[in-house]
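A.B. asks: Each chain sits in its own coordinate frame; assemble them with the hints.
Just so you know, the sequences run in chain order L and X. Letter by letter, the first sequence follows residues 1 to 166 of this note's numbering. Letter by letter, the second sequence follows residues 167 to 331 of this note's numbering.
Hint data in this document are derived by calculation from the structure and do not stem from the laboratory. Glycine included, C-beta positions come from ideal geometry on N, C-alpha and C. Incorrect hints may appear among the rest.
What the hints assert, rightly or not - According to the in silico footprint, chain X covers these stretches of chain L (three or more CB under 8 angstroms from chain X):
id: 1; segment: 12-19
id: 2; segment: 136-147
What the hints assert, rightly or not - In silico SDA-like cross-links for lysine to any residue, where the CA-CA straight-line distance does not exceed 20 angstroms:
id: 3; chain 1: X; residue 1: Lys289; chain 2: L; residue 2: Phe15
id: 4; chain 1: L; residue 1: Lys153; chain 2: X; residue 2: Gly329
id: 5; chain 1: L; residue 1: Lys142; chain 2: X; residue 2: Glu265
id: 6; chain 1: L; residue 1: Lys142; chain 2: X; residue 2: Thr272
id: 7; chain 1: X; residue 1: Lys230; chain 2: X; residue 2: Glu212
id: 8; chain 1: L; residue 1: Lys142; chain 2: X; residue 2: Asp249
id: 9; chain 1: L; residue 1: Lys146; chain 2: X; residue 2: Glu212
id: 10; chain 1: X; residue 1: Lys310; chain 2: X; residue 2: Asp249
id: 11; chain 1: L; residue 1: Lys61; chain 2: L; residue 2: Met46
id: 12; chain 1: X; residue 1: Lys282; chain 2: X; residue 2: Thr272
id: 13; chain 1: L; residue 1: Lys71; chain 2: X; residue 2: Lys282
id: 14; chain 1: X; residue 1: Lys282; chain 2: L; residue 2: Lys146
id: 15; chain 1: X; residue 1: Lys274; chain 2: L; residue 2: Lys99
id: 16; chain 1: L; residue 1: Lys99; chain 2: L; residue 2: Asn30
id: 17; chain 1: X; residue 1: Lys310; chain 2: L; residue 2: Asp62
id: 18; chain 1: X; residue 1: Lys274; chain 2: L; residue 2: Ser74
As the list claims (entries may be wrong) - Pair by pair, the computed Cβ-Cβ distance ranges are:
id: 19; chain 1: L; residue 1: Leu145; chain 2: X; residue 2: Gly309; range: 50 to 56 angstroms
id: 20; chain 1: L; residue 1: Val77; chain 2: X; residue 2: Pro203; range: 45 to 51 angstroms
id: 21; chain 1: X; residue 1: Gly325; chain 2: L; residue 2: Lys146; range: 32 to 38 angstroms
id: 22; chain 1: L; residue 1: Phe4; chain 2: X; residue 2: Ile273; range: 41 to 47 angstroms
id: 23; chain 1: X; residue 1: Gly325; chain 2: L; residue 2: Lys157; range: 46 to 52 angstroms
Letter by letter, the chains look like this.
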Amino acid sequence: MSYFEQCLTSGGLLFQEERRALYSYLLEINRDFYANQAQLLLETGMAIRIIANGEATYILKDGKVSYSARKLNSDDVQSEIREIKLTRVKPLNIKRLRKFFAQCDVDVITNYPLLGPIPSEESGYGINTYPYYTLAYYANGKNYLKGLFVKIKTSDKEILTKLRTL
Amino acid sequence: MPLTIPKSILLTPKVPSLLVVGLLAAQFLIFQVADSPEPNCTLNIERPHYSTSLNEDQNIDAIKLNITSMCNVPQKYTELTADIQKIQNNREISAYSFENKRKNSTIKTPNVVTFKDLFAPCKKGSSTSYRGIAQGYVYLESGKKVTVKGDSGKYVATGCLIGAQ
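The shape of chain X in the complex, shown without the other chains (with noise of 0.2 angstroms):
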């Protein structure tokens, strides 16, 4: 007499397989989507101060603005306006406003952008105290916008009048 096997009910799929492979897929995704931080990026700007690298150089008076954007994830570039404040009859002035600049990261660091070619003419002599500030925004890889704003802090005394050409 022939033995027959019973087909075992666990061996037939309730469930679509290709609704099981939709489902892992989103469970993938909702994981990346947990995993990557949150977009952060900071402004740090550095207090201005007088080039010496550009005196010794080139003979040229000048004071130097660095600033440089931060971010957790890589950015394309960062955008920002950027001014000098000085203090005058006891209120604070704009001492000298920079161009809107626009600069990309590099492939070494995708995250970071810096500033490093602001400067401001000056004539050396008088003791004026500045502050930088600056804003923008950095615009990252993924598409999104990031608003940045700050500034250097107190100001500090430095040997050279902006705007005494």
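Excised from the complex, chain L in its bound form (with noise of 0.2 angstroms):
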């Protein structure tokens, strides 16, 4: 099993320095797919995927895009759990739509990870409330400046090797 399969059924065991290299190289290895994904929803209003054992859906209204999920052969849905607004250009809609689109799949992947040895806790949707693509996330949501900083000093290189290579 590769590291990356095993980050698909660690789910909610992943260390938050784990999700934040799985977003940089699921943002990595789906460049051109997270691109057809985003043409899609522009065009059509709406996109599905699925990725471990759960489902997202992307609906674009109102200038926006927002996703639902759900664990898969289930009724339960989280709505609208994420939102990103678009702008009138459509090749910087597609850039940021896929940041977007890498942060929902590692969102999904540690709430409804594949089935492994390991049982996962019932317990409600979790996400990382500020997303990995914005500075709010590096400086909780608070100054800014200093979110720059500490993104500048974080590096997830070791675990962005191990997941290209293992």
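C.D. replies: Have a look at this one:
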């Protein structure tokens, strides 16, 4: 089993450093896939993505994209978990949506991991409040200048290498 | 001679019926508000401990921090920042800061949100004393926002050092 496959089964047991590295890794390997998904969403107003043991539904409405999620074969839908505002510039929207999709994939993986040897504990849907692609994440929603410094100092290279190679 | 019965004064409404309905509705609403409890939420922060389950299942060394936010009314979600503190050179310092987390309540337990995915990587060996602290907000179903804050109490020694990888 590769380290990435392990991440898909570990879910909520991942360290926050691993989740952040997983975001970067997903962004990297799904570059074209996310661009196509963004294109589809912008054209049809809806896109569905299945990852690990969950399903995310993206809806475009009033210039905003939001996503809802549910565990596969379950009716318990977590609605409008995150949202992102779009601009009038299409290439910029695609770039933004790529990051949004990678963040949402991490959310779904950590909440609905693949069935593994360790049963996941039943609890509510949890997310990192501020998305990885914002300075607010590094500043915990407070001082963005401090967030910039923290971002520069933060390095997940070791875990990223592990994801790419193992 | 035909008998005429005088129309009783009591049968003629003095107060318009619409006003009566309105007053009854107002009374009902006042009692409803008085009956609903004042929202109260508390944060229960357990002492940070070495996660034996993570070690046994995945061979990973980590300190775990369990937090529960409980309200007397249904909540939508709890949002909080948590920290594990340690004593170093007789000073209280942050050993590990968790990212700001948001967790929804469930249908089964609408008043309670449990955070059980707060792990800090550590290295087994030297004994270090830790305690957990957290603060944030509970967003209630009613739309109100309640501030919550707490800590796990006394520092407790654990045989695993955070930040020594």
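A.B. asks: Determine for every hint whether it applies to the structure shown.
C.D. replies: A quick look at each hint next to the structure:
Look at the segment 12-19 of chain L against chain X: 5 of its residues bring a Cβ nearer than 8 angstroms to a Cβ of that chain, three or more, so the hint holds. With a threshold of 8 angstroms between beta carbons, the proposed coverage of the segment 136-147 of chain L by chain X holds, since 3 of its residues qualify and at least three are required. Annotation: proposed proximity of Lys289(X) to Phe15(L) holds, straight-line Cα distance about 14 angstroms (limit 20 angstroms). At roughly 15 angstroms between alpha-carbon atoms, Lys153(L) and Gly329(X) fall within 20 angstroms of each other, so this suggested pair holds.
Using a Cα cut-off of 20 angstroms, the hinted pair Lys142(L) and Glu265(X) holds, with the two alpha carbons roughly 12 angstroms apart. A C-alpha spacing of about 29 angstroms is found between Lys142(L) and Thr272(X), which places the hinted pair above 20 angstroms, so the restraint is violated. Distance check on the hinted pair: Lys230(X) and Glu212(X) sit about 9 angstroms apart at the alpha-carbon level, within 20 angstroms; holds. Between the alpha carbons of Lys142(L) and Asp249(X) the distance comes to roughly 16 angstroms, so the proposed pair stays at or under 20 angstroms and holds.
For the hint pairing Lys146(L) with Glu212(X), the CA-to-CA distance comes to about 30 angstroms; that exceeds 20 angstroms, so the pair is violated. With a CA separation close to 26 angstroms, the supplied pair Lys310(X) and Asp249(X) exceeds the 20 angstroms bound. Taking the CA atoms of Lys61(L) and Met46(L), the gap is about 9 angstroms. The hint holds against a cut of 20 angstroms. Restraint check for Lys282(X) and Thr272(X): satisfied, since their Cα atoms lie roughly 14 angstroms apart, inside the 20 angstroms limit.
Among the hinted pairs, Lys71(L) with Lys282(X) is consistent with the structure: their alpha-carbon atoms are about 19 angstroms apart, no more than 20 angstroms. Using a Cα cut-off of 20 angstroms, the hinted pair Lys282(X) and Lys146(L) is violated, with the two alpha carbons roughly 28 angstroms apart. With a C-alpha separation of about 33 angstroms, the suggested pairing of Lys274(X) with Lys99(L) is violated against the 20 angstroms cut-off. Note on Lys99(L) and Asn30(L): the hinted pairing holds, with a Cα-Cα distance of about 10 angstroms set against a maximum of 20 angstroms.
Restraint check: the Cα-Cα separation between Lys310(X) and Asp62(L) comes to about 26 angstroms, which exceeds 20 angstroms; the hinted pair is violated. The hinted pair formed by Lys274(X) and Ser74(L) meets the criterion: a straight-line CA distance of about 15 angstroms does not exceed 20 angstroms. For the pair Leu145(L) and Gly309(X), the beta carbons lie near 33 angstroms from each other, so the given range of 50 to 56 angstroms is not met. For Val77(L) and Pro203(X), the hinted distance range of 45 to 51 angstroms is not satisfied, since their beta carbons lie about 29 angstroms from each other.
Our hint of 32 to 38 angstroms for Gly325(X) and Lys146(L) holds, since their Cβ atoms are close to 33 angstroms apart. The supplied range of 41 to 47 angstroms is broken by Phe4(L) and Ile273(X), whose beta-carbon atoms lie about 32 angstroms from each other. The given range of 46 to 52 angstroms is broken by Gly325(X) and Lys157(L), whose C-beta atoms sit roughly 29 angstroms from each other.
Violation of the numbered hints given earlier is confined to hints 6, 9, 10, 14, 15, 17, 19, 20, 22, 23; the remaining hints are satisfied by the structure.
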